[in-house]
Structures are given as C-alpha cells and as structure tokens.
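**Q** Chains F and E, in that order, give the protein sequences. Going by numbering that gives the first Met the number 0, the letters in the first sequence line up with residues 0 to 505, in that order. Going by numbering that gives the first Met the number 0, the letters in the second sequence line up with residues 0 to 114, in that order.
I should point out that these hints are in silico values taken from the structure, not numbers from a laboratory. Even for Gly, the Cβ is constructed at its ideal location relative to N, Cα and C. Worth double-checking, as some hints may not be accurate.
[Said to hold, decoys possible] From the structure, some residues in chain F lie toward chain E, with a derived Cβ separation under 7 Å:
| hint | residue |
| --- | --- |
| 1 | E138 |
| 2 | A155 |
| 3 | L157 |
| 4 | G160 |
| 5 | I161 |
| 6 | A172 |
| 7 | A176 |
| 8 | G183 |
| 9 | D202 |
[Claimed, not checked] Partial chain E-side listing against chain F, Cβ under 10 Å, derived:
| hint | residue |
| --- | --- |
| 10 | I8 |
| 11 | V28 |
| 12 | I34 |
| 13 | G37 |
| 14 | L41 |
| 15 | Y67 |
| 16 | G83 |
| 17 | V101 |
| 18 | D105 |
| 19 | F109 |
| 20 | N111 |
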Amino acid sequence: MNSSLAILLPIMLPLIGAICCLAGMRSLVFQRVGGVIFSVITFGASLYLLFEADESGVIVMQAGNWSAPFGISFVADRFSAVMVAVSSFMGAAVAVYSLSEIDEDRLKKFFFPLYLILLFGVNGAFLTGDLFNLYVWFEVMLVASFVLTSLGGEKAELEGGIKYVSLNLIASALFLAGAGIIYGKLGTLNMADIAQKLAASSDSEWVVSSSMLLFVAFGLKAGIFPFFFWLPASYHTPPSTVSAIFAGLLTKVGVYALIRAYTLMFVPIFSEVQGIILFLAIMTMVTGVFGAASHFDMRRILSFHIVSQIGYMILGLALMTPLALAAAIFYLVHHIIVKTNLFLVSGIVIRLKGTCDLAKVGGLVKTTPWLAVLFFIPAFSLGGIPPLSGFWAKFAVVKAGLDVGAWISVGAALAVGVLTLYSMTKIWAEAFWKKQPEEVDGVIEHKPAGRLVWMVAPVALLAICTVLIGLFGEPLFEFSERAATQLMNPSEYITAVLPGETEVQP
Amino acid sequence: MEPLIAVLIGVLFAGGVYCLLRRSIVKLVIGVILISQGANLLVFTSGGLLPGRPALVPSDGTVPIAPYGDPLPQAMVLTAIVIGFGLTAFLLALVHRAHQAVGTDDINAFKNTDT
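Okay, chain F solo, but in the shape it has when bound (with noise of 0.2 Å):
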C-alpha cells in the first residue's frame, strides 16, 4: 500500500496541480503560485520514490488490482525512479524561472495547467509498465507539448509547431502499428510479460519489424540520428522556459523508451539490431555536432547539441554492458541538468540583450560578469572539462567503449566531444568575450536586475548542482551501476510484475 502510494503520487500530484490551476484560472498569482507549489511537492514526492525503489529494487503498483498481465502495471525500478527524480527537480526549477518569464498572455491562456500536464505525462511514461498505456502517456506529454510550442501564436511558433506536431504524430501512428503487430504476435501488452513471452519463444525474430518500428517512435521522439531534424527546427522558437523543459525531458523520454525496450523486452533479438543501433549512435553524435558547429544563433546551437549528446547516451545502449549502460543512465542525469540549464541561460542573454543571435551579443563578460560564471559551468561540463559533471560521463562512455574494443565509436566520441568544446567555445568568445556590437541599436533594453531573480536561482542552483555531480559523482555513479546492473537482469523486473510465473530465462 505505501509503495504504491510512492509510484502515485509522482504522478497525480501534477495532475491535481493542473487541475487546481485551472479551478483557479481567474487569479494569475494563483495559477503562479499553485504552478510552482504543485511543481516542488511533485519533486519531493519523486525524491520518496527514488529511496523507496532503490531500497527495495523494484516497486510495482497493479491499477485497480488487476493481476499483471490483465490490468495496466506501474512499475518503478531504479532507472525509472531516477529519471522521475531528476524530471520533477528539472519541472521545479523551470516552473520557478517561469515566473518572471512567462508573461501574462501565455499565462491566460493556461501555461501552468498545460505545464503540469507535461509532467503528468512525463512523470507517467517512466512509470509505466505497459506498452500501450506507455503510447496514451505519450499522448498526454505530446498534447501539452504541442499547445506549449504554439501557445504564443508567433509565425515562427506556428512553423516549428506545424514540424513539430505532425511528425510526432507520424511517429505516435508508427508506435501503435508495432504495439499492434506485438500484440498479434504475442497477445500482451505488458511489458513484463513481453519480456518472458519472447525469450520463451522460438521464433523471436518475428518481432524484429515491430521492434525497428518501436525504435523509429521513440527514436523520433529521442532525436537520434535520421529522425532528429524536426528538433532543430521547432526547439528554438517558444520561450525559454519552454524549449529549457522540451530540451530536458521530452526527448529523454524517447531515450527512456528505447534503453526500457531493448534491456526488457527485446532482449532476445537485441543482437540482430545491435549494429545499426551503433552505427545510428555514432551518426547521431556526429551530424548534431556539425549543425552546431555550423550554426551562429545561441539557442540552435544548443538545440543541435541536444541531438549530438543524445548519441552518447544511445552509444551506452549500443554497447549493452553493464558499464555503458551505467554510463548512459549517468550521461542522462547529467545532461538533463546542464541542458536545462543552457537553454536558461539563453533565457537570461535575451532578456538582457533582447536577442540571442551571436552576431548582435556581446560584451556580457564585462556587464554581468555572474551570467557569465553561470553559462561557463553548464557549457563547459557538456563539452566534457574535468571536473564538471559531464566529464565523468564522458569518460565512463569512452571507457565502456575501451572495454568492448568498440574504436570507431570512441574515436567518434572523442572527436565530437571536442568538437562540442568548439561551439561552447564559440558562444563564449561571441557572446561573452567580445565587446558589443556598435552597429546593433533598439534591441538592447537592459531591464532592472531585480525581476531577474527567480531566473537566476535555479540557473545558479542547477550551477551548483553540475559541479556538486562533477566533484562528489561517486554516489551517483554508483547508484547508476546499481540501476545498470538492474536493467541487465530484467528478471528481477519481471518477477515483480509478474509473480505467480517464476522462472524466466534469460
């Protein structure tokens, strides 16, 4: 009874958040107070779970009582409870820095309730223990994300919108055709059971094609390598706030997925579609890191970050041992921080500047010397300077790379790492470094410090938090083995799940 209750509350409590909101949608101070309010409690009740998970393994909560195969199972174990951690810490932060971003139009047009949809549905995708219910979680994240990319009803929202919702609908249709063809192959939709039903079967690889399907879905979702140009196009558009929450969590859900699918259910076919997973990793890396080097606009260039650090994450999957995948979970908690955090510190430059166009910005070293100290952690720690967070990342990357004799992918890995330290480089010097263009006039408005407050706390605390990981990562580390070795064995899932039917073969 309490351990359900630990998987529920992370995800009802936005829900009743949202819905408080919009109960109160007259008063704006209420919709902002209630947003945040609903947002800090939802972390602290995914804090409980990730203790409650990493105690006793897994936690499964049946709705309704139905035993598993029949009703829908939630199901935390220590990787799900972890992303839903870090998720509502980033749903926290951001909903703080909101406060002073978001303005009263986006406002009345219900920005908290939608928001906290969001992690309704974000919070749930990780939950979830079944394929179709993860396809409606899906759904629920998307539909809040799509009227939060078009809320302001810009030309340029409307486009990136456009991009943005038809092909994550294209990608939800190819979802369902693999939940379909699954389900006539073996007649469930519970995870778990998936699992078992197909290292029992002698005839696995007829889910190969349901498999490739599921991985373009949640690939599309993910960003990697093919699929990821609509991020680009659409991320860069709304407020930051908004592309800071998308950039942190929605295409971790898609990573989310995949590493769930190929460590759970496709174990037994996982070495017919191990190459192309790798092949599609290194691309990933390599193409995201090129837009970015190639772009001159702060907010592309980290979008296209975003696709080349989604490579390393699906290269610990490619490798599948249990060192890359504790390195893919570390490379995840990290990366959801500082790049939440970047797209923040975008937030700041154009309020400060009114635009975050490398060619029209500069001389922030000299004017706000701490907005400077801010954007050098997150950035640095991405390109992968010791001490910071992303450095131990990379490494354990690289490392588990070494281990497997995987040269082409390390290589890759090295490279684009530098590579990235290139674009981080090139914001720094250009924005930062630089004086300030003469030419550029009207655009530069500096409003009064104060109402920048509740933007730099959490930029500064997530600050803090990246060197804190960089400098004390071991218990992190370790809790990600832990979860690594987790996903390794998925029996011990699936005995949770299911526990009337012991026995599974690995």
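Using the hints, position chain E against chain F.
**A** Chain E in isolation, oriented as in the chain F frame:
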C-alpha cells in the same frame, strides 16, 4: 478477411506517405490522418477478426461462448481513435493559424525556422 484488411492497411499507409510528400499543408494533415487510421486498423486486426462473435456473457452463464472476439484490441483502438481525433483537431487548428500567419499553403514557405 484478414488478408483483405492487410491490403487495406497497406493502402492507407502508402496513401498517407504519398500525401505527406506533397507540398501542401492540407495534404500533410490528410497524410497524418490516413497513417493514423492505418495504424488503428492494424491494432484492430492484430487481435484476429471473428465477425458476429462478441465477447458477451449470455444471461444464464458466467463466461462468453467459446469462439469470441478479443475485446482488448477493440478497447485499445477506441482509445487510439479518441486520441487521434483530438490530435487531428489540434493539428487542423494549428494548420489554420499557420496558414493565416504565413499566408500560403506551400510547405516550402515554412522555412523561417530552418537553418
């Protein structure tokens, strides 16, 4: 019956992809609708088709009579149809607004946010 439906699903997907490759945003919407309907039909067929065999319990019994249709794909496809309908409505509204903002139906004009 199943092979016929399978062909229909293929036609829906192919038609959807063809529409997506056109340059008009209205055809984009039509393509998305066709593909999602194809996926719905695929889920529906995956449970096996047993016409006239509902999974209903007769009034004097406790279990349905032996060859009965699988209710689960039907429940799922109902959910998927509702979700797909809502999203299509949203996409239509979005396309309408974008058409107003950009002033053309040609998807090649939607490149302000690229590169």
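**Q** All hints, please: hold or fail.
**A** Against the structure, the hints come out as follows:
{"no.": "1", "hint": "E138", "verdict": "holds, 5 Å"}
{"no.": "2", "hint": "A155", "verdict": "holds, 5 Å"}
{"no.": "3", "hint": "L157", "verdict": "holds, 4 Å"}
{"no.": "4", "hint": "G160", "verdict": "holds, 6 Å"}
{"no.": "5", "hint": "I161", "verdict": "holds, 5 Å"}
{"no.": "6", "hint": "A172", "verdict": "holds, 4 Å"}
{"no.": "7", "hint": "A176", "verdict": "holds, 4 Å"}
{"no.": "8", "hint": "G183", "verdict": "holds, 3 Å"}
{"no.": "9", "hint": "D202", "verdict": "violated, 17 Å"}
{"no.": "10", "hint": "I8", "verdict": "holds, 9 Å"}
{"no.": "11", "hint": "V28", "verdict": "holds, 8 Å"}
{"no.": "12", "hint": "I34", "verdict": "holds, 5 Å"}
{"no.": "13", "hint": "G37", "verdict": "holds, 7 Å"}
{"no.": "14", "hint": "L41", "verdict": "holds, 4 Å"}
{"no.": "15", "hint": "Y67", "verdict": "violated, 14 Å"}
{"no.": "16", "hint": "G83", "verdict": "holds, 8 Å"}
{"no.": "17", "hint": "V101", "verdict": "holds, 7 Å"}
{"no.": "18", "hint": "D105", "verdict": "violated, 12 Å"}
{"no.": "19", "hint": "F109", "verdict": "holds, 5 Å"}
{"no.": "20", "hint": "N111", "verdict": "holds, 6 Å"}
Violation of the numbered hints given earlier is confined to hints 9, 15, 18; the remaining hints are satisfied by the structure.
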